[in-house]
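*Asks:* Sequence:
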Amino acid sequence: MKAAFRAFTLSCCAMACFAASCALAGTSPGPVASVPYTPIPPPVDRAFPGEIRVSVDASDVQRRIVHVHETVTGLGANAVLLYPKWLPGSHAPEGPIDRVAGIRFSAAGTPIAWTRDPVNVCAFHLIVPPGVRSVDLDFDYLSPTTPKVGTAEISRDLMELEWNAFAMYPAGYFARQIPSQASMKLPDDWKLATSLAKISSEGTTTHFERVSFETLVDSPVYAGRHFMRLDLDPGANAPFFLNVFADRPELLKVQPEQLAAYRALVQQAYKLYGSHHFAHYDFLLAVSDQIEQSGLEHHQSSELGADPEAFTEWDKTASGRDLAAHELTHSWNGKFRRPADLWTPNYDVPMRNSLLWVYEGQTEYWGNVLAGRAGLRTRQQSLDQFAELAAFYDNQAGRRWRALGDTGNDEIINPRRPQSWTDWQRFEDYYDEGLLLWLEVDTLIRERSQGKRSLDDFARAFFGINDGSMTVVTYTFDDIVKALNTVEPYDWAGFLGPRVNGTNRPSPLGGLAQGGYRLVYTDTASDYFTTTDTQHKRTSLEYSIGVVIDEGDKAGELQSVQWDSAAFKAGLTEGAQILAVNGIAYDAEVLKDAIRAAHAGTAPIELIVRTGERYRVVNLDYHGGLRYPHLERDASVPARLDDILSPRT
11 MKAAFRAFTL
21 SCCAMACFAA
31 SCALAGTSPG
41 PVASVPYTPI
51 PPPVDRAFPG
61 EIRVSVDASD
71 VQRRIVHVHE
81 TVTGLGANAV
91 LLYPKWLPGS
101 HAPEGPIDRV
111 AGIRFSAAGT
121 PIAWTRDPVN
131 VCAFHLIVPP
141 GVRSVDLDFD
151 YLSPTTPKVG
161 TAEISRDLME
171 LEWNAFAMYP
181 AGYFARQIPS
191 QASMKLPDDW
201 KLATSLAKIS
211 SEGTTTHFER
221 VSFETLVDSP
231 VYAGRHFMRL
241 DLDPGANAPF
251 FLNVFADRPE
261 LLKVQPEQLA
271 AYRALVQQAY
281 KLYGSHHFAH
291 YDFLLAVSDQ
301 IEQSGLEHHQ
311 SSELGADPEA
321 FTEWDKTASG
331 RDLAAHELTH
341 SWNGKFRRPA
351 DLWTPNYDVP
361 MRNSLLWVYE
371 GQTEYWGNVL
381 AGRAGLRTRQ
391 QSLDQFAELA
401 AFYDNQAGRR
411 WRALGDTGND
421 EIINPRRPQS
431 WTDWQRFEDY
441 YDEGLLLWLE
451 VDTLIRERSQ
461 GKRSLDDFAR
471 AFFGINDGSM
481 TVVTYTFDDI
491 VKALNTVEPY
501 DWAGFLGPRV
511 NGTNRPSPLG
521 GLAQGGYRLV
531 YTDTASDYFT
541 TTDTQHKRTS
551 LEYSIGVVID
561 EGDKAGELQS
571 VQWDSAAFKA
581 GLTEGAQILA
591 VNGIAYDAEV
601 LKDAIRAAHA
611 GTAPIELIVR
621 TGERYRVVNL
631 DYHGGLRYPH
641 LERDASVPAR
651 LDDILSPRT
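Just so you know, we're using the working numbering here: the sequence shown kicks off at 11 and counts up by one.
Any given hint might turn out to be false.
Claimed, not checked - Pairs of lysine to aspartate or glutamate residues, derived as DMTMM-like cross-links and limited to a Cα-Cα distance of at most 25 Å, are as follows:
1. Lys326 with Asp416
2. Lys326 with Asp597
3. Lys462 with Glu438
4. Lys158 with Asp241
5. Lys208 with Asp241
6. Lys195 with Glu219
7. Lys263 with Glu319
These are computed hints drawn from the structure, not numbers from a lab. Model, not experiment: these values are computed from the prediction.
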């Protein structure tokens with residue numbers, strides 16, 4: 011107690027002296043000068059004098075711990091190593107540095123002290139002793155073990171791994187100028203697939219070809235117990251494979267017509283672009299509910315995820331089958347040709363997303379179109395998908411205040427965290443509203459040229475240049491406008507500018523109207539709409555009462571509530587659970603029957619709702635009936651959308 015009292019007394023004296031000195035100086039306390047900052051060398055396009063060798067041990071699938079050993083040669087005395095931060099395809103600083111633990115630097119077994127940069131937490135400063143030719147780095151990558159940590163990358167039967175998670179690289183150089191070589195150890199009896207060439211194997215360890223660090227990061231690995239490889243372009247000069255990994259062997263049953271659709275996708279892409287920019291290509295597909303169903307583009311491969319029954323229940327899983335077409339298109343738009351402000355020399359330089367409505371939006375357009383042309387979706391399924399997208403933006407409140415172009419910042423603002431009011435906040439609409447924008451461009455070109463030209467001509471002229479080259483060619487807004495004018499002279503800058511940067515604009519339905527269709531709502535859902543709801547275990551009523559309802563483990567819980575909808579006006583929010591409808595226990599059909607009944611009368615729909623531990627009665631004053639989107643043919647306009655979806659011969 012005496013010591014504590016003495017410390018308190020000294021502290022008070024010190025505070026008094028400090029206050030007195032401030033008073034004498036006539037100033038108030040201000041910020042203390044920061045510690046001197048050692049700058050990180052900016053990237054320069056010069057050859058790195060050493061190399062990186064990365065050894066990854068991914069065999070501990072039970073605990074999902076990946077052990078990394080890396081050796082870097084050619085470092086100077088004051089070296090800075092960077093953990094990849096700004097990731098291509100993510101468009102944001104999403105490098106998983108939070109999953110890295112146990113960092114140890116050493117030289118010939120002797121520890122080397124390191125300091126994390128106080129500004130860039132993905133940068134590590136080292137003082138390399140004189141005469142040291144190589145530095146060793148060891149760390150553990152702790153892949154998520156539960157959903158609260160993050161989406162699963164590793165399960166007991168398969169994994170999807172990206173090299174950017176397992177390596178650091180020297181600051182001061184372009185990533186393409188850093189030689190790199192990697193190896194990976196897997197569990198016994200596992201197989202792997204990647205666009206990297208394999209040069210040797212030792213037991214369960216595979217050694218890969220020597221490539222640039224840029225190519226290494228761009229070459230993910232999928233691996234698993236249950237694996238199948240299908241040739242999508244037999245005999246081609248540029249080999250093309252579909253590599254499928256599954257939770258169980260019985261899920262690897264691909265029917266001839268399914269394989270034919272994927273083979274047709276490759277040929278339809280070649281017919282669209284008239285070129286390719288890869289020496290070989292690998293679809294890496296996980297049909298699984300044990301790991302993340304991801305989609306990520308790479309120059310010579312795609313990361314793909316689908317439901318376990320993607321092949322065994324083909325008729326029920328059409329909604330996600332444009333993903334392969336989308337990611338393949340990125341080999342042309344995004345990897346080969348790339349927005350100038352999205353290209354960066356390494357993974358520490360911030361990206362800028364001003365043209366994501368082209369990078370992702372036009373890619374999403376071609377993904378849907380190519381899926382239709384290849385037969386991955388039927389004609390009707392493709393039309394129903396366009397109807398769903400059109401309905402979403404026909405009803406989206408957020409377009410009143412937020413421009414399409416601004417949504418390009420969403421991955422930086424909110425890296426795919428849940429939102430309370432998505433249709434008001436908006437999220438990544440550069441994908442789907444971007445799709446509708448490019449549909450409008452396509453149909454306008456067709457209308458103005460009387461069917462002689464289309465966006466296909468733009469795709470071939472813009473993305474099809476330099477056949478066989480993998481050297482990135484960047485583009486700007488002015489380049490887009492110039493290329494469109496080459497296809498069809500028009501005020502494309504005046505057309506695109508307001509649609510990308512304007513707010514409170516009309517619903518983006520111009521492409522449908524010019525394509526020979528109009529958006530309508532009926533009280534009967536399309537088969538595509540119904541199977542999509544079933545696939546995702548939900549009931550979608552967003553165009554009637556304004557909610558989407560969970561039908562899985564949390565049956566009756568609201569997944570979303572539309573801004574300004576009847577549900578919104580009644581005070582309902584995401585997370586609330588409907589327990590009863592008009593005095594009857596909740597069931598999706600019971601709620602639909604109540605909506606039908608309210609359409610014929612004036613009485614509100616009575617809900618008993620639980621939010622947390624509180625229960626209340628909610629009266630929905632809604633009488634508009636069930637409303638589901640469809641496309642209706644307008645015979646007064648040529649069926650341009652039908653032609654867009656027709657396969658090329």
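*Asks:* The structure should be examined with respect to each hint, and the outcome stated for every one.
*Replies:* Hint check results:
no., hint, in the structure
1, Lys326 with Asp416, "violated, 35 Å"
2, Lys326 with Asp597, "holds, 22 Å"
3, Lys462 with Glu438, "violated, 33 Å"
4, Lys158 with Asp241, "violated, 38 Å"
5, Lys208 with Asp241, "holds, 18 Å"
6, Lys195 with Glu219, "holds, 15 Å"
7, Lys263 with Glu319, "holds, 10 Å"
Of the numbered hints listed earlier, those contradicted by the structure are 1, 3 and 4.
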